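From first to last, the protein sequence lines are chains A and B. All letters in the first sequence, in the order written, are residues 1 to 760 by full-length UniProt numbering. All letters in the second sequence, in the order written, are residues 1 to 189 by full-length UniProt numbering.
To be clear, the hints were calculated from the coordinates, so they are not data collected in a lab. Predicted, not measured: the structure shown is a model, and the values here were computed from it. For each residue, glycine too, the CB sits at the ideal point set by N, CA and C. There may be inaccurate statements among the hints.
Claimed, not checked - For each label pair, taking beta carbons as the anchor points, the in silico distance ranges come out as:
hint: 1; chain 1: B; residue 1: M169; chain 2: A; residue 2: Y338; range: 51 to 57 Å
hint: 2; chain 1: B; residue 1: P144; chain 2: A; residue 2: Y257; range: 42 to 48 Å
hint: 3; chain 1: B; residue 1: V6; chain 2: A; residue 2: L639; range: 54 to 60 Å
hint: 4; chain 1: B; residue 1: Q11; chain 2: A; residue 2: K115; range: 51 to 57 Å
hint: 5; chain 1: A; residue 1: L644; chain 2: B; residue 2: Q11; range: 43 to 49 Å
hint: 6; chain 1: B; residue 1: R29; chain 2: A; residue 2: A293; range: 25 to 31 Å
hint: 7; chain 1: A; residue 1: S109; chain 2: B; residue 2: Q11; range: 27 to 33 Å
hint: 8; chain 1: B; residue 1: P144; chain 2: A; residue 2: M125; range: 56 to 62 Å
hint: 9; chain 1: B; residue 1: M169; chain 2: A; residue 2: R634; range: 20 to 26 Å
hint: 10; chain 1: B; residue 1: M169; chain 2: A; residue 2: L631; range: 23 to 29 Å
hint: 11; chain 1: A; residue 1: F238; chain 2: B; residue 2: R29; range: 51 to 57 Å
hint: 12; chain 1: A; residue 1: Y259; chain 2: B; residue 2: Q11; range: 38 to 44 Å
hint: 13; chain 1: A; residue 1: K124; chain 2: B; residue 2: R29; range: 17 to 23 Å
As the list claims (entries may be wrong) - Just so you have them, the derived chain A footprint on chain B, three or more residues with Cβ under 8 Å:
hint: 14; segment: 17-23
hint: 15; segment: 32-40
hint: 16; segment: 63-71
hint: 17; segment: 83-95
hint: 18; segment: 124-135
hint: 19; segment: 159-172
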Amino acid sequence: MSVLSHDDVFAVHNLKTGTLRLRRNNSEHNALLDEVCEAVDAPDAVDKQAEIIVREMEQHQQLMDDSPVAEELRREALRDLPQGLTMKRNVRAKLSASVSLRSKRRPISFFRRMKYRISFAGKKMHDRLRNLIFSIELWYEAIRNIEGHFGSAVGSYFYFLRWLFAIDLVLAIFVVAFVVIPQVFHDKEGDSIKFGFLDFISGTGALEDSLLFYGHYHDGDVSAIPNLTYNMPFAYFFTMVCLYIIFFGVLCYRTAYSYRLNFIYTAGGLSHVYANKVFCGWDFGVVSEQAAALTANSLYNEFKSFTANSLYNEFKELLNEQNKKQVSVSALTRLGQYAANVAVTALVLALIGAAQFALWLLVALRPSLPYWELFVSFVITAVITLCPLFFHVVVKLEFYRPRMALYVTIARTWLLDVGTLTLLLVYYTRSDIQCWETSFGQETYRLVLLDTVISLFVLPLFEFTRALGHKFSPSENAPTFNIAYNSLTLIYNQAVLWFGMLFSPLLVVCVTLKLFILFYVKRECALRACQPATKVWRAAQTQTILYMFVTLSMFTTLFVLGSLFFRTSSHACGPFRGYEFVYSVVSEGVLRLRERDSLRAALHFLVRPGVIAFVTLSLCVVVYYVRSRALAQRSMVRLLRQMLVLQAKDKDFLLTAISKVSNGEWLYSPKPATEDEGPDSHTVKYLRDVRKPSNAGFHFDASRLSHSLLEGRPRSYAKDNNRSSIAERKPEDGDTDSSFSWQGSNNYLNKSDDGDKPWM
Amino acid sequence: MGNKVVTFTEQQLEDYQDCTFFTRKEILRVFKRFREVNPELVPKRMTENQAHTIAVPVEEIEKLPELKENPFKRRICQVFSHDGSGNLTFEDFLDMMSVFSEAAPRDIKAWYAFRIYDLDDDMFIGRDDLLEATRLLTKGELHPQEREDIVTSVLDEADVDGDGRLSFMDFEHVVVRAPDFLSTFHIRV
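Next comes chain B alone, as it looks inside the complex (with noise of 0.2 Å):
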C-alpha cells in the first residue's frame, strides 16, 4: 500500500510503545477507534503535539460501544482525562485502553479501579462512594436501605484497619485475591 498515511513519526510509536502495553498495531487499532468517535476534530495525521492537546469531549467519547453501556463511563473518562474534566486526548485514551488491556498487570489495574471507585476523588473508597457505587450497577433499582446494609457489610469485610472506609491497600486486599477481576476489568479494543 503505497499511499497509506502516516498517522504517527517513528518516535510517537516507539515512544507509546514503550509506555503502554500495546504493540504498533494495536495503538494504530486504537487509533482509529479513537478518530472514529469524531472525525472531523481528530485529523488523520497526529502530529507530536496533537496527540495531547486535541481533547474529544466527554458527551462524544461516552458513545463508543465499549463504554456505552459501563455504568461508570464518566468517571472512567475523568480518571483517564490529563485534567480531570473526562474529555480525553488521544493519549489519554491510548492510557486508558492499555490500562484495560490483557497485557496490564493486577497491580496496574487495581490502581486504576480503585481511582475509578473513588467517585468523589479523595483517595479513599468512602461511604458515599460505595452507595453510590451499588446505584449504579443496579441502575438504581436497589432501595436506599438496602444500599445501606450491602455497604455496611462490604465494609465490615473490606476495611481491614477499621477506618471506616477503604484505602488503597484495603481495596487492593479485596480485589488482587478476586479470582474475576482480571477478566472482568478488561476491555477489548
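Bound conformation, chain A alone (with noise of 0.2 Å):
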C-alpha cells in the first residue's frame, strides 16, 4: 500500500461526476495518508485507514446529512469506494455513528420526517423489486451456461431472444386481459369450432371468425356482468394504442441505452489496437476449457499476424477496428471501390424492389385455387429466408470493412423484410376484400407459423446434420453457431408481429410461445451441434444495431398503422364496424366533438397546416440548437486530447530539467538574458506567469511527479506541489487558463526544441 494507491483511490471518486467529489483539500489529511501508509502492517491498520476515508467523508455535507438522500449517496460512495470489503462495513460502521452523532443536534419536522420515512419505504420497495426480478430471472444458468462455452457474444444473442421473450409476454399478458378475455365473456355460447389442419396452418375457415383475428371481435358493449359494461371498440382501440406506444418507448429506451453504452462511451477514442487486444482480449466469462484454449489460440494467431508488420494494416482491418493508418491506395483504386458498393448496393436494392413487384403480381393473382394463400405464403417465407443468404454472399464482392459489412447485411434484410410487411398491408388494404384487416391478420399468422416450422425443424435439421458430417469426416468444418443470421430471423420475427398484432389480438401469445421453445431448441442446437467459434466475435456494438431494427421495425408500423387509422375502416367486421374512421373512436367515441364545438374548433386549429408548420420548425430549431453544441463539445474534446499529449511532453521536458537540476548542471536564472527576446515578449511573459506550477498548465498528474520523480527530494517540495495542483482541478480552469497554456507551451516546446535554451 503506497501512498499512490490513496491518490488513485480518490481519482476513481473525481470520475464519478456526479455529487461526489472526495478531494485531498487540506495537509493535515495529507500528513495523515503518510503516516498510515508507513504504519499499514500494524495490527490495527485497517481501523486506521477507515478512519481516515471516514474522516474524508465527512468533509462533505452532502455525504453527512440525516436524510435518504445522504444516505443513498453514502450507499453509493461506500460501493464505489476501491477497497476491501472488510474495510468498506469498517467505514459503514463508523459513518454511520458519526451521522447520527451529528444527526441528533437538529430536531426535524414532522413534514421532514413523513417525506423521509416515504423515500424510505420507496428504497425498501426497489430492494425488494430487484429481489423479485432476480428470482424469476429466466433461463438463467442456461445462459450462464452457454457463455461458459461460447463466450460472451452467442451468450448476447440468447440474451436478446431472452429480451424479446419477456416483452411479447408483457404484451400477450395486457392483450389477453383487455382485449380477448372480454370477447370470450361476449361469445359464451362456447360451440367448439372444428378445423382441419390445413385449416389451423392457414388460419382460414372455421379459424377465420375466431378470437384469432380482428374480424370477430364485438363492435358494441360487452355486458357479461349485469350492471356492467366494457366497450369492446374503446378497449381495443386503446389497449392497441397504448401499447404500441408504451413499447415504442421501452424500445427506444433500450436502443439508446445500447447506444449510449455501446457507441458513445467508447467514441472518440484512438485506435488502441494491440492494447485492446492484451486487456479486452481474454473473456472472463469463459469457463469450458475447449473454449478456453480456443481463446488462447486465437489470440495467438492474431497477435502472431500483427507482428507480421507488413501485413499490419490488413490484419487491423480483419480485427474489425477503425484503422486510421490505413494503406494508402491511390485515388483511383478508390473510386473504383466506390463504385462496386454503389453498384452492388443498387443491384441488391433493384433485387429487392423486383421480389416485392412480383410479390405484388403473385398477391394479386388471387385465382380461387384452394389454399392458395397457403402458397403465397410458403413463396414469401422462402423469399425472406433466402435473401439474406445471397446478401451474404453478395456482401463479399464490396469493399466494406468486416463490421461493416455486417451492419450492411442486417439492413439490407430489414429493408427487405419490412418492405414486404408493407407491401402485403398496403396490398390488403386497397383489395376489395370483404374484411381485409382479417386477411392480413391471416397472412401474419401464416408467416409465424411458417417462420416458426423454419426456425425449430428446418435449420436446427441442417445444423444438426452438418455437425454429423462433421463428425465423421473431420475434414469438413464443424457449424459454429452464426449470431448474425439467427439473430436477423428473430427481428423478422419481431416485425411480424408489430404488424400483425393489430389485426390478430392472439398473434403475441403465438409469437411468446415461438420463442420460449424457440430458446431450448437454440441453447440443443449450440450445445450439441455447434462449436465454439475459432475467430472472437465481437458483440457489444452489433447488439446495439440489433435493437435498433427492432426499434425501427416498430417506427415503420407506428407509421403505416397511424396512417391507416385516418382510412376508412372495413364496415363488416370488427371492433369498429360502427365509426367512419378508426380514429373516430376518440373524437367521436370520447370526446363527443359533434356536441362540443368549441373543442372541435380548438382541434382543428392544431392540425391546420400552419400550425403544424410551426411546430416542425421549431423542432428543427431545438434539433439544430442540440447539433451544434454536440459539435462544439466534440471539438471541445479533441482540444483537451491534444492538450493531454502536450502536457505530457511539457512534463517530459521537466523531468529532464529536473534531472539536471539535481544534478547541479542547471542554476536559474529569473531573468533570461537574450537580445532577440525582449522582457516583454510572450515567452517570457509565459514562463514567469503560468510555468509556475501554482497556475494551472501544470496539473497533469502532479501525484506521480512527487512520488516517483522527486525521490531523494525534500518531501515538503512534493507535497506542496501536489497539493497546489490539485486545488486547480477545476472545470472552469480548463476553458481559458490551460487553453492558454497550451498554446503557450506550444511555444515553449518548439523554442526548447532548438537546443539553446535562452533561459538557462
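Relying on the hints, combine the two individually framed chains into one complex.
Written as C-alpha cells, this is what we have:
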C-alpha cells in the first residue's frame, strides 16, 4: 500500500461526475495518509485507514446529512470505494455512528420525517423489486452455461432472445386481459369449432371467425356481468394504441441505453489495437476448457499476425478495428471501390424492388384455388429466408470493413422484411376483400407459423446434419453458431408481430410461445451441434444495431398503422365497424366532438398546416441547437486531448530539467538574457506567469511526480506541488487558463527544441 | 421452509447489500458458491467474525469453474485477498464477485482490471507486466521476440505521457473506450 494508491482512490472518485467529489484538500489529511501508509502493517491498520476515509467523507456536508438522499449518496460512495469489503463495513459502521451523532443536534420537522419515511419505503420497495426480478430471472443457468462454452458473443444472442420473450410475454398478458377475455365472455355460447390441419396452418375456414382475428371482435358493449358494461371498441383501440406507444418508448429507451453504452462512451478513442487485444482480449466469462483453449489460440493467431508488420494494416481490418493508418491506396482504386459498392447496393436494391413487385403480382393473382393463400405465404417465407443468404454472399464482392459489411447486410435484410410486410398491408387495404383486416391478420399468422417451422425444425436439422458430417469426416468444418443470421430471424419475427398485432390479437401469444420453445431448441443446437467460433466475435456494438432495427420496425409499423387510422375501416367486421374512421373512436366516441363545438374548433386549429409547420420548424431549431452543441463539445474534446499530449511532452521536458537540477547542472536565472527576446515577449511572460507550479497548465498527474520523480528531494516540496495542482483542478479553469498554457507550451516547446535554451 | 438455516444476520446482509452491487439473494448465491469450494472449512452459519477471518486457500479457490480457465486466476485472487496472499475470506470473495458483476460501473472495473494487469504490484503496468500478460494470454506459445514487439506496440499506443509504462490514467484511457471491455470483464456467479 503506497501513497499513490490513495491518490488513485480519490482519482476514481473524482471520475464520478455526480455529486461526489472527494478531493484531498487539507494538508493535515495528507500527513495522516502518509502516516498510515507507513504503519500499514500494524494490527489496527484497517481500523486506522477506515478512520481516514471516514474523516475524508465527513468533509462533505452532502454526504453527512441524516436524510435518505445523503444515505443513498453514502451508499454509492461506499460501493464505489475501491477497497476490500471488510474495510467498507468498517467505514460504514463508523460513518453511521458519526452521522447519528451529528443529527442529534437538529430536530427534524414532522413533514420532513414523513418525507424521509416515504422515500425510505420507496427504497425498500425498489430493493424488494430487484430481489423479485432476480428470483424470477428466467434461464439464468442455461445462458450462463452457454456463455461459459461459447463466450459472451453467443451469450448476447440468447439475452436478446430472452429480452424479446419478456417483452412479448408482457404484451400477451395485456392483450389477453383487456381484449381477448372480454370477448370470450361475450361469446359464451361456446360452440366448439372444428377445423382441419390445413385450416390450422392457413388460419382460414372455421378459424377465420375466431378470437384469433380482428374480424371476430364485437363492436358494442360487452355485458357479461349485469349492470357493468365494457365497451369493446374502446378497449380494443386503447389497449392496442397504449401498448404500441408504451413499447415504442421501451424500445427507444433500450436502444438509446445500449447505444450510449456501446457507442457514445467508446467514441472518439484512438485506435488501440494492441492494447485492446491485451487488455480486453480475454473473455473472463469463459468456463469450459475447450473454449479457453480456443480463445488462447485465437489470441495467439491474432498477435502472430500483428507481428508480421507488412500485413499489419490488413489484419487490423480483419479485426474490425477502425484503422487510421490506412494503407494509402490510390485515388483511382478508391474510386473503383466506391463504384463497386454503389453498383452492388443498386443491384441489391433493384433485387429487393423486383422481389416486392413480383410478390405484389403474385398476391394480386388470387385464383380461386383452395389454400392458395398458403402457397403465397410459403413463397414469401422462402424469399425472406433465402435472400439474407444471398446478401451475405453478395457483400463479399464489396469493399467494406467486416463490421460494416455485417451492418450493411442487416440493413438490407431489414429493408426486405419490412418492405414486404408494408407491401402486404398496403395490398390488403386497397383490395376489395370484405374484411381485409382479418385477411392481413391471417397473412401474418401464416408467416409466423411458417417461420416457426423453419426456425424450429429446418434450421436445427441443417445444423445437426452438418455436425454429423463433421463427426464422420473431420476435414469438414464444424458449424459455428451463426449469431448474425439467427438474430436476423428474430428481428423479422418481431417485425411480423408489430405489424400483425393489431389485426390478430392472439398472434402475440403465438410468438411468445414460439420464442419460448425456440430458446430450448437453440440451446440444444448450440451445445450439441455447434463448436465455439475460432474467431472471436465482438458482439457489444452489434447488439445495439439489432435493438435499433427492432425499434425501427416498430417505428415503421406505427407510421403505417397511424396512416391507416385515418382511412376508412371495414364496415363489415371488426370492433370499429360502427365508426367511419378508426380515429373516430377518439373524436366521436370519447370526446364527442359533434356536440362540443369549441373543442372541435380548437382541435381544428391545432391540425391546421400552419400550426403543424410551426411545430415542425421549432423542432428543427431545437435539433439544430442540440447538434451544434454536440459539435462544439466534440471539438472541445479534441482540444483537450491535444492538450493532454502536449502536457505529457511538457512533463517530459520538465523531468529532464529536474534531473539536471538535481545534478547541479542548471542554475535558475529569473531574467533570461537574450537579445532576440525582450522581457515583454510572449514566451518570457509565459515562463514567468504560467510556468509557475501554482498555475493551471501544470496539473497533469502531479501526484505521480511527487511519488516517483522527486525521489530524494525534500518531501515538503513534493507535497506543495501536489496540493496546489489538485486545488487547480476545477473544470472552469480548463477553458481559459489551460488553453492558453497549451498554446504557450507549444511555443515553449518549439523554443526548447532549438537546443539553445535561452533561460538556462 | 421452516428449517432454513440463517446464514447471515440481518445486519450483515444489510451491510453487504450496501457495500456491493448485489441483492440479498445474489449474496446468498455467492455464499453457496463459496461454500462449495470447501464445505469443511466454511461453516453453514457465518458469524460476523468468520466472514472476514476464515480464509480458503488460493489453490482451492482457483479450482472454481469461474476461475479455472482464467490465465490471471492467481493474480485475481491476490488482488482481492485481504492480505495479498491470494487466500480469500468470504468478504473478499463477495467483493470480487461484486466487481465482476454486471452492475459494477466501468470505473470500478477499470481500477481492478488495472490492479490485475499490474502483476508486480507497483501501481504501474510496466514492460514486464505486459510481457507476462501476453505470455499468459497465449498460454506461452508466443516467441519472446514477438512478445517484445507486441509490448512495444502496446506502449506506443497507450502510453500517453511517454514514461515507458502505463499508469492508471493511461490504462483507463484505453479500457474505458474499448467497446468490449464491459462484456469481457464480467463473471457471472
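Of all the hints numbered above, which does this structure not satisfy? Sort the numbers upward. 1, 4, 11, 15
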